[in-house]
Amino acid sequence: MFTKKSKSRKASSETPSTTPVLAMKNVNKTYQVGKNAIPVLKNINLTIMPGEFLIILGPSGSGKSTLLDHILGLEQPTSGEVWMCGTKITGLSQNKIAKLRYQHFGIIFQRPDWVNSINVLNNVQLPLAIHNVNKKVRRERAWEKLKEVEMTDHAQYPPNQLSGGQQQKVALARSMVNDPEVFIADEPTGNLDSVSALKVMEIFKELNQERHKTMIMVTHNIEYVRYGSRTIYIRDGMIVEGASSMLLNK
Amino acid sequence: MRLGFSFYLSAANLRQRKLRSLLTIGGLAVGVSLITFLISLGFGLQQLVRSQVTNVEALSVLDVSQGASNLLKIDDKSVKNFQNISGVVIVSPSISLSGQITRKDQTTDVAVYGVTQEYLDLEGMKLVAGSNFTNQDAKEAIVTSTALNLIGLEDSPTTVGQDVTLRVMVPTTDTTGTVEQVNLVPTDIPMKVRGIIKDPDLTVVYLPLKILEDLGFPASYTEAKVRVGQTTDNKQYNVAKVKVADQSQVPSVRKQIEKMGYQVSSVADTVGQIDKIFLIFEIIVGGFGAIAMFVAAIGTLNTLTVSLLERTREIGLMKAFGATSTDIYQLFLSEAMTMGLVGGVVGVGIGVGAGLGVDAGLKYFATRLGGQAVSVFYTPWQFVALMMAMIVLISLATGFYPARRAATINVLEALRNE
Numbered sequence: 001m002f003t004k005k006s007k008s009r010k011a012s013s014e015t016p017s018t019t020p021v022l023a024m025k026n027v028n029k030t031y032q033v034g035k036n037a038i039p040v041l042k043n044i045n046l047t048i049m050p051g052e053f054l055i056i057l058g059p060s061g062s063g064k065s066t067l068l069d070h071i072l073g074l075e076q077p078t079s080g081e082v083w084m085c086g087t088k089i090t091g092l093s094q095n096k097i098a099k100l101r102y103q104h105f106g107i108i109f110q111r112p113d114w115v116n117s118i119n120v121l122n123n124v125q126l127p128l129a130i131h132n133v134n135k136k137v138r139r140e141r142a143w144e145k146l147k148e149v150e151m152t153d154h155a156q157y158p159p160n161q162l163s164g165g166q167q168q169k170v171a172l173a174r175s176m177v178n179d180p181e182v183f184i185a186d187e188p189t190g191n192l193d194s195v196s197a198l199k200v201m202e203i204f205k206e207l208n209q210e211r212h213k214t215m216i217m218v219t220h221n222i223e224y225v226r227y228g229s230r231t232i233y234i235r236d237g238m239i240v241e242g243a244s245s246m247l248l249n250k
Numbered sequence: 251m252r253l254g255f256s257f258y259l260s261a262a263n264l265r266q267r268k269l270r271s272l273l274t275i276g277g278l279a280v281g282v283s284l285i286t287f288l289i290s291l292g293f294g295l296q297q298l299v300r301s302q303v304t305n306v307e308a309l310s311v312l313d314v315s316q317g318a319s320n321l322l323k324i325d326d327k328s329v330k331n332f333q334n335i336s337g338v339v340i341v342s343p344s345i346s347l348s349g350q351i352t353r354k355d356q357t358t359d360v361a362v363y364g365v366t367q368e369y370l371d372l373e374g375m376k377l378v379a380g381s382n383f384t385n386q387d388a389k390e391a392i393v394t395s396t397a398l399n400l401i402g403l404e405d406s407p408t409t410v411g412q413d414v415t416l417r418v419m420v421p422t423t424d425t426t427g428t429v430e431q432v433n434l435v436p437t438d439i440p441m442k443v444r445g446i447i448k449d450p451d452l453t454v455v456y457l458p459l460k461i462l463e464d465l466g467f468p469a470s471y472t473e474a475k476v477r478v479g480q481t482t483d484n485k486q487y488n489v490a491k492v493k494v495a496d497q498s499q500v501p502s503v504r505k506q507i508e509k510m511g512y513q514v515s516s517v518a519d520t521v522g523q524i525d526k527i528f529l530i531f532e533i534i535v536g537g538f539g540a541i542a543m544f545v546a547a548i549g550t551l552n553t554l555t556v557s558l559l560e561r562t563r564e565i566g567l568m569k570a571f572g573a574t575s576t577d578i579y580q581l582f583l584s585e586a587m588t589m590g591l592v593g594g595v596v597g598v599g600i601g602v603g604a605g606l607g608v609d610a611g612l613k614y615f616a617t618r619l620g621g622q623a624v625s626v627f628y629t630p631w632q633f634v635a636l637m638m639a640m641i642v643l644i645s646l647a648t649g650f651y652p653a654r655r656a657a658t659i660n661v662l663e664a665l666r667n668e
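The listed protein sequences correspond, in order, to chains A and B. My numbering numbers the first residue of the first sequence as 1 and each following residue consecutively. My numbering numbers the first residue of the second sequence as 251 and each following residue consecutively.
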């Protein structure tokens, strides 16, 4: 999928550091609905090291997405600590977390969202534009990433006119544009047909194995377990110990 | 996020929703054009009335008279006193009396003014035919059209050079023993019509001041005109333009002359009244425009609020990518400003254009019907600048509420919004 040029990325990303890209310590999340307290995450302890391909598996309503929101710093835990690439993000302001997120993470949502008034190329540039990257540089980088996902032919299209698979490829290009160490994908194949889903998973595999990027992917599809280097299983807001090896043996 | 990128996104968003943007900007443009048109009409009428009343030069001229006092006289000594006041450039006295003008067998009563050429200049007299006095010894008269018509002469260039006779009552002192008596002796002065002033009401004859003084009128004048300017520079007429700026000195000079007991009036008094009346007019018409503007501003607020609701996921996305609350504020305020600026420029353009159009039409009809072509619309650049500043401020104010809502929106809620 990637061009030869794109395979040789910066040296730093090829030598994984020993600092966890993510660490969660005794994280609990409880939502208050009226007088009822509903626990969604229960005592989560999780460390993700650079270069891992972590699959977060679990049924609907198990707390996968809430866990991901905590990893991204979009949600603050009721108790416990979350560390993002060596920085404790619990209690940090949203603006500071947003900056860290931009520096370290590339995000792929289940349903790609777009700024519909601008074309594909400008949408791919969006994270860079938000962080004041020079117009020429961001344009070049956006084009480069579109080339890597073979979507340059659609650069001038409005994003919502693309098929689901094409949109997910563009979303991938957008997540790569800031050259992150970690890719976080929330059910990235959820809305795709099997062929498109396979293509997306192959790209993830290449990113992990050839560029040594850390991948964190939330899914409820057991088939994708084979892509990961580690799988955790979430049920009722808890990581179920031993479930991953059981799944792998299936 | 850079401001340029915010404006780029705003423009892209407005382009995407063309009809809605067009209607919102159109509403703003209507409000702005209405205000521009009406206020320009106010300014135009004000300027027209002011130009009919006086010229700019006259605004720095004070008319000094004896007033009700019989003890005070404006004589050479008082003229010198006036000249010594800081800021005074020229003092030009005059003598006024009543008399009669005759040509052949036709006679009419006239007001006679013995004046200098400077006096006529300060008065802002405009001759419709003929020219100014040759010199102060020349027996020449500048006569109003009404006076000429009453003695059978037309107010046309053919009248210039015609002979007329002016009869004035000359005071002569008859001393018998210790009793001194002043008698008024009728004296005829043969004169030539030198210039004509258009005046539909007054019968006035101006003649050189020196002629009256030579006949025996004392150098005690009924009225003097005082011009205020820079005393350090005595090249008075070379600095005529500066004198307009020195209008600020008029009140202090006026105060000092009034302190001496004289009565002072100025065209500026009348102009001040005119300005006050037009200010009220402009406020009223501006108020009507402001109502239209208010409605347009509500439209902008509505458009931005709808835009916010439609773009909630976009906002969530941008925040997830690291956009700060300031970035979101900037995004919405730049959209409001873009609408305001476009609406403002288009509105001012339409307002000024409509004014010019109406002006051109009025001039055309006025000329065709034999009237004078005048401008009734005037748009000062300061007003345009103020208008643009106001529209930007109004836009920012209307954009503030949706911007605040967008900036405080929760990322997760925004991303889950359907």
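No lab work stands behind these hints: they were computed from the structure. Hints may contain errors.
As the list claims (entries may be wrong) - Here are some chain B residues pointing at chain A (derived, C-beta under 8 Å):
1. 263
2. 563
3. 567
4. 569
5. 572
6. 630
7. 661
Note that the structure is a prediction, hence the values are computed from the model and not measured. C-beta atoms are modelled at their ideal positions from N, C-alpha and C, and glycine is treated no differently.
Verification of the supplied hints:
Hint status for residue 263 of chain B: holds, given a least beta-carbon distance of 4 Å to chain A, under 8 Å. Using the Cβ-Cβ criterion of 8 Å, the hint placing residue 563 of chain B at the interface with chain A is satisfied: the shortest such distance is roughly 5 Å. The beta carbon of residue 567 of chain B is positioned within 8 Å of a beta carbon in chain A (closest approach about 4 Å), and the interface hint is therefore held. The beta carbon of residue 569 of chain B is positioned within 8 Å of a beta carbon in chain A (closest approach about 7 Å), and the interface hint is therefore held.
With a least beta-carbon distance of about 4 Å to chain A, the hint placing residue 572 of chain B at the interface is held under the 8 Å criterion. A distance limit of 8 Å between C-beta atoms decides the matter here; for residue 630 of chain B the minimum to chain A is near 39 Å, and the interface restraint is violated. Checking residue 661 of chain B against chain A by beta carbon gives a least distance of about 5 Å; that is within 8 Å, so the hint holds.
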